[in-house]
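**Q** Sequence:
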Amino acid sequence: MSKTVDVTIPVEPETAAALEDERNREAVGRLVSRVLRPGSGPTPLARAIAAMKAEARAADLTDGDIDAELAAYNAERRGTRKKR
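If you're matching positions, the sequence shown starts at 27 in our numbering and goes up one per residue.
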């Protein structure tokens with residue numbers, strides 16, 4: 027890759043182990059550069075978020091529904107799921 031700059035981002039330990047391989051780092055660098063590259067119109071990430079938001083609205087989900095689902099998911103991942 028030409029004209030690259032090293033950056034530090036937090037990742038999970040398993041991801042960090044995979045990024046010890048130079049080929050993986052280069053591939054991830056290319057992917058991040060493509061996703062975040064400035065261009066005309068919304069970025070691919072912004073388009074993906076907009077599409078997910080439209081799907082949620084079409085399913086009559088509110089921001090509160092989504093926040094509650096995310097909180098439950100995060101609690102489950104941390105092993106602190108609250109009983110309903």
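Please keep in mind that the hints were generated in silico from the structure rather than gathered at the bench.
Here the structure is a predicted model, which means the values were calculated and not measured.
Treat the hints with care, as some may be off.
[As the list claims (entries may be wrong)] Restraint-style ranges between C-beta atoms, simulated for each label pair:
| id | residue 1 | residue 2 | range |
| --- | --- | --- | --- |
| 1 | 71 | 39 | 23 to 31 Å |
| 2 | 29 | 69 | 19 to 27 Å |
| 3 | 94 | 63 | 31 to 39 Å |
| 4 | 35 | 77 | 23 to 31 Å |
Note that the Cβ used here is the ideal one computed from N, Cα and C, for glycine as well.
**Q** State for each hint whether it applies.
**A** A quick look at each hint next to the structure:
With their beta carbons about 25 Å apart, residue 71 and residue 39 fall inside the hinted range of 23 to 31 Å. The supplied range of 19 to 27 Å is met by residue 29 and residue 69, whose beta-carbon atoms lie about 20 Å from each other. Under the hint 31 to 39 Å, the C-beta atoms of residue 94 and residue 63, about 35 Å apart, fit the expected range. Distance hint for residue 35 and residue 77: a CB-CB separation of about 25 Å, consistent with the stated range 23 to 31 Å.
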